[in-house]
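**Q** The lines below spell out each chain.
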Amino acid sequence: MDKQAMGADKWSRFFKDYFMYVVLIILVVFFSVRSQNFLTPSNLLNVVNQSAYQIVVGVGIAFIMLSGAIDLSTGYQISTLSVIAGVLLTKTSIPYGWVIAVILVLGVLLSLVNGVLYVTFDTFPFMITLATQYILWGISFMISNSATFTPLPAGFKMLGQGYIGPIPIAILIMVIIVIIGAFLLNKTYFGRYVYGLGSNQTAIELAGVKTRRLKLIIFAMAGLFTALGTIMLVSRSGSSSSTMGPGMEFTIIAGCMLGGIKMGGGGGKISSVVIGLLILTVLSNGMQLMQLGTYPQKIALGIVLLVAIGLDVFQSKTALKTAKKVAGEPPAKADKKDSTLSSR
Amino acid sequence: MEENRPILSMEHITKTYPGVIALNNVSVSFARGEIHALVGENGAGKSTLIKIITGAVEPDNGIIRFDEKEFSKMHPNEARKMGIEAIYQEYNLIDCLSAAENICLGKKMGRFVNQQAMAAVAKEIFERFHINIDPRTPVSDLTSAKMQIVEIAKAVSKGARLLIMDEPTAPLTVSEIDILMDIIAQLKADGVTILYISHRMDEIFRIADRVSVFRDGQYVVTRQVCDTNRAQLIADMVGRTLSESYPKRKNAPGDVAIELRNLTGNGVKNISFSARKGEVVGLAGLVGAGRSEIMKVVYGAEKKQWGEIYINGTPAEIRCPRDAMKYGIGLVPEDRKREGCFLMESIQWNILISNVENISRASVVDIGKEKKIASEYRERLRIRTPSIQQKVLNLSGGNQQKVVIAKALAANTDIIIFDEPTRGIDVGAKHEIYELMNDLCAEGKCIIMVTSDMEELLGMSDRIVVLHEREMSGEISREEFSQERVLDLASGGD
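Chains A and B, in that order, are what the protein sequence lines are.
For the record, in the first sequence the residue sitting at position 120 is 731 according to this note's numbering, with numbers rising by one throughout.
For the record, in the second sequence the residue sitting at position 372 is 373 according to this note's numbering, with numbers rising by one throughout.
Take the hints with a grain of salt, since some may be wrong.
Result set (DSS-like, lysine-lysine): computed pairs, CA atoms no more than 30 Å apart in a straight line [unchecked claim]: (1) B:Lys108 with B:Lys147; (2) A:Lys821 with B:Lys338; (3) A:Lys873 with A:Lys932; (4) A:Lys932 with A:Lys909; (5) B:Lys304 with B:Lys278; (6) A:Lys932 with B:Lys338; (7) A:Lys798 with B:Lys147; (8) A:Lys798 with B:Lys370; (9) A:Lys821 with B:Lys82; (10) B:Lys373 with A:Lys798; (11) B:Lys392 with A:Lys880; (12) A:Lys880 with B:Lys370; (13) B:Lys304 with A:Lys932; (14) A:Lys928 with B:Lys74; (15) A:Lys821 with B:Lys108; (16) B:Lys373 with A:Lys821; (17) A:Lys928 with B:Lys305; (18) B:Lys304 with A:Lys798; (19) B:Lys147 with A:Lys821; (20) B:Lys74 with A:Lys821.
Calculated Cβ distances over 10 Å to all of chain A for the following chain B residues [stated by the list, open to error]: (21) Pro7; (22) Lys108; (23) Ser145; (24) Thr174; (25) Asp191; (26) Arg277; (27) Gln306; (28) Gly314; (29) Pro334; (30) Val366; (31) Leu437; (32) Gln484; (33) Leu488.
Chain A regions said to be covered by chain B (calculated; three or more residues, Cβ under 8 Å) [said to hold, decoys possible]: (34) 713-726; (35) 807-816.
FYI, nobody ran anything at the bench for these hints, they're computed from the structure.
Source: prediction; values computed, not measured.
For every residue, glycine included, the Cβ atom is placed at its ideal position computed from N, Cα and C.
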C-alpha cells in the first residue's frame, strides 16, 4: 500500500475510533456554555451515576448485538425483575443479600428463555423477543398489580446511592463490569467467537464453534448483566414498580449503535457502549438544565440518532471506497495516446 | 464467414480491482451474426469483459463501440435498449411466475395483464426453437435446462441482437446440450450475434465461428475455429504447456487416511471411496451433482443419514465440524466470502480462529503465539500483504483464499478438503496453491479436491471420483485419465 492510501486509512480509522468522543466533548462544551450548572463536579458525577446502570445492562446487550442478535425484551425483563425484587424486599423477610442472588439467577433464566427460543427457532430474534416482551409485560403487572414497592432496606439502597470515599458505588460497579466485558471481548477466545458469530455465522460454524451453545452463553450473560443493572436501578430509586424498565431497551440499543456497535453484528467495542450511553445521558441532562421540555428533548434525541446513523453510513461507504482503491498507476498509460488517436 | 462491420468492438479496455488487474488494455471486436467464443482460465477476465459490455461494471479506461456508437462506459438500461442481453449461470427468473409471464416481464402489452397474449408470444418463440414447454407452467416447476430456454426466449422476445451466454451448458445433461446447440444455431440463423463463454472445448469446436483467448486479464488472440485446434487453444490459454502448469508430485501415496462407505446425507446417496496419505483425490461432477454436499457431511456440517466414515482404519463418529476437526479433517469451503472468511477481521484473526482455543491459556488468547503462527503461514503461503493486521476485506481473491487455506491448516489437520480451491483467483496464486498442495502431500497429508476446473482436476488428482445426480458414477485411476472419460461419467456415463 502506498503512503497516501495508508494515510487515508489512518484517518478513516481515527474517524471511526474517536469520532463519538469528539461528539461527547462538543456536547459537554455546548452545555457548559449554555448552563452554568452543567460543568460542576457534582453534576458530572451525577451524569455518570445516572448512566451507570444503563451501561451495566448495555454491556450485556452489546454482546448480544455483536453476535448478530437483538433483544427487545430487556425493558420488560428489568420491569419483571424489579417488581420481583420489590415483593421480596418489602413483603418477605428474606435478607437483601439473598434477594440480590435470587434476582441475578432469575435474570439469567429470563434471558436464557429468549436464548433457547432463539436457537430453537433459528431465526433473527427480533420477533421472538418482541413476543417475549409482551409475556413479561403481563407477568410484571400481574405480580405488581400496578403497585409501587417501598420502602426498601437501607443496606440494599447503598448499592445505588452509597459512596466509597467520593466515588458512588454504582460507578464502581459499572467500571468493574465494563472492564470484565472488555476483557472477555478482547482477550479471550470467547470474545473472538462472539465477533465471529456476528460477522459470519456460517464460517464460524465451519471453524468448529458450537454456535447454539455460544448463543445460549451470550444470552445468559446478558441476563446476568440486566439483573445487575436492575438491582442498581431499584436500589438507586429506592422503590420498584412495573413501569421501571420499559422503553429502556431502545435507549440502550440506541446508545450502543450511537457508540458504534453494528446492528447485525461484527463491529463495535465495549467502549462504544460507554460512550454512546454517556452521550445520551449528557444530552438529556444538559437539555433538562437548559429547561427544555420533555417533548423537544425527544425531538433533539431523534435528530442526534439520525445524525449518528448518517455518519455511520458515510464512514462505512468511505471505508469501502478506500478498500476499492488500488495503489499505483494505470498500466495502460503508454497506450492512452493510442486510444485518443484512434478515437480522434 | 463474411467479414462485415463489427457489431461490437472493445478498444483498449482496462479494469482494475484491489490487487488485481482484471482487464489490461484489451481490444477485441465481434462480427455481426457470428458465434464468438471467449475462452480462458478462471480469472482470465472473461466475466469482467461481459460485465463491461452489459454495463454492470464500468471500465477504468477504453472505448466500447456498439453499432458505430461510442461509449466510454455502458449503462445497463442503454445496453438493453440496444439489444444486448446476457444469460448468466444464475438464472434471473421469477420462480412463482409462469414461463410466459417471465418472458414478457417488463414488456408493455396493453393496459392490463393479458395472459393469452403473453402465452402466444412465448409459444411462438418455443415453436421456433422446436421446444415443448407449456407457457403457463410456473418456472419453479421447470428443469434447469428448460429454465435456461425460458431465459433465452426472454432475451429473444426483447429483441436481443447480441446475446451473451456465460457457461450455458454447465448445468445441462448431454442430451440437453444438444437441444441448446440447436437453439443457438437457430438464433444465429435469425441474425443474432452470440458471445459464448465456455470451458468445454468440444462445444466451441461444434458451434463457434471464431474464438478469442484471454489470459490473466490480457487479450491473447482471436482465431477462426476452422483454422485452429484444441492443443493450440489450450497453449494460448495457459501460455505454456500443460505439464508445466501442474507441478509434479514426487512422493508415493501411503496408508488409507479416510474411507467413506455408503456415506449418505444432505441429499447425496451411497458415496464410497478412500483417500490415502500423500494423495490428491479429485471429486468431479457437474454443478449440483452433490460434490460439495457430501463433503459437508464428511465435515459434520450436515447430517449423515447412513453410511460410515473411517479415519486411519477406525470408524469415526462425526456430528459437527468440531468432531471433524478432532479427527484432523479440515475444510476449505467453496464460497470463500460466505463460508470461509471473516472479511472485517484481520488476517491474523482469521488464520487462528479455528485453533484459537489451543493457543489460549485460561481462556485468554496468547497474542504473541497467534502473531507468530499467523506470520509463519503468511510466509509459507506467500500471502501478499503489508501486515497481518490488515483486514481480509482489503486482500485480493487469491490472497483471501490463502488465508482460508491457512485457517484450515492452522487447526492441525491431516485430511484437507479443498472445495473449488482456485475459483476466481489469478494464475500466479493458483500455481502457488498447487505447489502448496504438493508440499502437503509430501508431508503425508491427504487431500480431497472438489473442482469444476477440468484441467485442474486432471492435472492435480491421483485418482478421480465422479458424481452424477447425487450418486457416485465411477472412479478413474490415473492411467485412464481423460476429459472425455470424466465428462462421460459426470453426465451419467455407464
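**Q** Now look at each hint and say whether the structure bears it out.
**A** Here is what the structure says about each hint:
| no. | hint | verdict |
| --- | --- | --- |
| 1 | B:Lys108 with B:Lys147 | holds, 21 Å |
| 2 | A:Lys821 with B:Lys338 | holds, 20 Å |
| 3 | A:Lys873 with A:Lys932 | holds, 19 Å |
| 4 | A:Lys932 with A:Lys909 | violated, 35 Å |
| 5 | B:Lys304 with B:Lys278 | holds, 26 Å |
| 6 | A:Lys932 with B:Lys338 | holds, 19 Å |
| 7 | A:Lys798 with B:Lys147 | violated, 55 Å |
| 8 | A:Lys798 with B:Lys370 | holds, 13 Å |
| 9 | A:Lys821 with B:Lys82 | violated, 51 Å |
| 10 | B:Lys373 with A:Lys798 | holds, 17 Å |
| 11 | B:Lys392 with A:Lys880 | holds, 17 Å |
| 12 | A:Lys880 with B:Lys370 | holds, 23 Å |
| 13 | B:Lys304 with A:Lys932 | violated, 41 Å |
| 14 | A:Lys928 with B:Lys74 | holds, 23 Å |
| 15 | A:Lys821 with B:Lys108 | violated, 50 Å |
| 16 | B:Lys373 with A:Lys821 | holds, 26 Å |
| 17 | A:Lys928 with B:Lys305 | violated, 43 Å |
| 18 | B:Lys304 with A:Lys798 | violated, 34 Å |
| 19 | B:Lys147 with A:Lys821 | violated, 41 Å |
| 20 | B:Lys74 with A:Lys821 | violated, 48 Å |
| 21 | Pro7 | holds, 14 Å |
| 22 | Lys108 | holds, 35 Å |
| 23 | Ser145 | holds, 24 Å |
| 24 | Thr174 | holds, 30 Å |
| 25 | Asp191 | holds, 32 Å |
| 26 | Arg277 | holds, 25 Å |
| 27 | Gln306 | holds, 20 Å |
| 28 | Gly314 | holds, 24 Å |
| 29 | Pro334 | violated, 6 Å |
| 30 | Val366 | violated, 5 Å |
| 31 | Leu437 | holds, 20 Å |
| 32 | Gln484 | holds, 32 Å |
| 33 | Leu488 | holds, 31 Å |
| 34 | 713-726 | violated (count 0) |
| 35 | 807-816 | holds (count 7) |
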